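> Here's the letter readout for the chains.
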Amino acid sequence: MEQLLENFSLDLFVKQTILFLLLIFLMVKFAWKPIMSALNEREEGIQGALDAAENAKKEMASLQADNEKLLKEARAEREAMLKEAREMKTKMIDDAKVEAKDAADKMVAQAQAAIEAERKSAIADLKGQVAALSVEIAEKVVKNELSDKEKQLGLVDKMLGQATLN
Amino acid sequence: MKIASKSISFLTLVLVLLTSFSVYGKDGAKKGDPVNTRTEINEYIQHHLKDSHDFHLFSTFDDNGVEHHWGFPLPVMLWGENGFTAFMSSEFHHDDDGTVVVEKGDSRFVKLHSRIYELNAGETAVQFDEEHHAVNASKPFDLSITKSVFGILLIGLLMLFWFSRLARQYKNKQVPTGFGRVLEPLVVYVRDEIAKPNIGESYRKFTGYLLTVFFFIWILNLVGLMPFGFNVTGQIAVTAALAVITLVIYVFSGNKHFWGHMLWMPGIPYVFRPLLGIIELIGTLVIKPFSLLVRLFANITAGHTVVMSLVAVGILMQESLSATGSTIVSLFLSLFIMLIEVLVAFLQAYIFTTLSALFIGMAVADDHHDEELHDELGEEIEDTEVIRKNFT
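Just so you know, the protein sequences line up as chains A and B, in that order. As numbered in this note's numbering, residues 96 to 261 make up the first sequence, in order. As numbered in this note's numbering, residues 1103 to 1494 make up the second sequence, in order.
It is worth saying that the hints were derived from the structure and are not from the lab. Among the hints, erroneous ones may be present.
Label-pair ranges, simulated between beta-carbon atoms [claimed, not checked]: (1) B:Leu1159 - A:Glu139: 45 to 53 Å; (2) A:Asp146 - B:Ile1389: 21 to 29 Å; (3) B:Gly1280 - A:Ala147: 24 to 32 Å; (4) A:Met155 - B:Arg1306: 34 to 42 Å; (5) A:Gln142 - B:Val1350: 31 to 39 Å; (6) B:Val1444 - A:Lys153: 33 to 41 Å; (7) A:Ala147 - B:Leu1262: 34 to 42 Å; (8) A:Gln142 - B:Gly1302: 15 to 23 Å; (9) B:Val1353 - A:Ala147: 58 to 66 Å; (10) B:Gly1280 - A:Asp146: 30 to 38 Å; (11) A:Ala147 - B:Leu1159: 56 to 64 Å.
Predicted model only: the values in this text are computed from it and were never measured. By construction, the Cβ of each residue, glycine as well, lies at the ideal position given by its N, Cα and C atoms.
Let the sequences and hints guide you as you build the complete structure.
Printed below as a string of structure tokens:
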């Protein structure tokens, strides 16, 4: 301890303190400050570049995902359009069928009605003719029957005979 | 290429500076022989560990056994009883025993055990008491560029040069080139591994200090390991100054929570609170900075002492192991310790910086103190005291 104190030189202590403080000041001003700021700047730059690359990667991925989505959407749309077209086709055919059937049915019905009417008029006509014919026949028969006087008388006698007076 | 040529020119400048020493022989040296006895080696090591007023690189002995010191003088600046005085340290002729008296104006100066004394008015030679302390001299305030101050200035300028150049590089490019590429990971390391985890969110305010102190200690530790090196971080005044700066930073940035918990610890009986407050206050104001300054000083001093002692093995054990044997043993051991010292140089800088960050972090920590003591898995994190013990 005593030797330590003996070795201690106050003069050197003062000189070292002053010189070292001066050195700290100069080093901070001319070396450490610019070096530190340059290092920080560079590290931030590197970090920034890395971040930017990461972002670009992410953006790329999202772009790809977008593309995928768009493609999917387009496919779905095409599918839908095709489906709709198919449906429309079927519907049109069905409609046409129904219309055609309706028209056919109508024509059949008209034809049937016409046939019915013809038949009725034909029957009516036939009836008329039958009546006329029957009257003619009856006329002829009657005429024929009445031309034979004896017979008539005989008939009347017979009838009278049957029609007993009660 | 431009940067390379720049560094070459800078290195040349340093080399020119280091080699432009002059020889100043110490005529009539008392010791006619090289340093080779146990006491002389001991003295040599002690002398190296101390700060000195001139830059001594090595000594040679000529045919007459006269010692020549190679190195260069440093300016001596003193504020004594007669005001400011300045001269070169070569005027002392490498004397350290107070025999050479330098007269400047009305003042007379002597150098004694790496300290400069001013003789009292009228005295012409220094006198000692029984404990070899000067009795008729006073210590002037020493503003000299000593070896340590020279090292501090050199490393400070080097750091300023390296890191301001790195800072300038960022103006034009994102990634530094050349030597800056070596420095950048170290800066990032201190920020991410020392400042951020220990301080938390407000780490930015303190990073400048932590970076400065880390590189300052590390580079000076490494320079201390080199031949002709300085022992700057082994000067207790230097480590004390660093520790005091850390102390000032965490005392002045301590928040209400920090002081509240320290002086009036909640959750314990009221009787013990003042006592604990006193203990905590002593711990914060004295023990923490003291442990910081002593750890660095002791580690570096011990490292230098061990390396030099092992080198001395080569001289001292020549009798028992023969010259070749002792040289091999000495080289092997000192190489081994030297490698460990390179690790210690980094480790001590790391520990000083981390503990400073830890103390600052404790001072600025928020109220979620209890949550911070648990990590993500809910396991208890080691207490700071335990961490500190592990470091010592």
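> Next step is simple, just say for each hint if it's right about the structure.
Hints, one by one, checked against the model:
no. : hint                             : result
1   : B:Leu1159 - A:Glu139: 45 to 53 Å : holds (49 Å)
2   : A:Asp146 - B:Ile1389: 21 to 29 Å : violated (47 Å)
3   : B:Gly1280 - A:Ala147: 24 to 32 Å : holds (31 Å)
4   : A:Met155 - B:Arg1306: 34 to 42 Å : holds (38 Å)
5   : A:Gln142 - B:Val1350: 31 to 39 Å : holds (36 Å)
6   : B:Val1444 - A:Lys153: 33 to 41 Å : violated (50 Å)
7   : A:Ala147 - B:Leu1262: 34 to 42 Å : holds (38 Å)
8   : A:Gln142 - B:Gly1302: 15 to 23 Å : holds (21 Å)
9   : B:Val1353 - A:Ala147: 58 to 66 Å : violated (45 Å)
10  : B:Gly1280 - A:Asp146: 30 to 38 Å : holds (31 Å)
11  : A:Ala147 - B:Leu1159: 56 to 64 Å : holds (58 Å)
Of the numbered hints given earlier, the model fails hints 2, 6, 9; all others are met.
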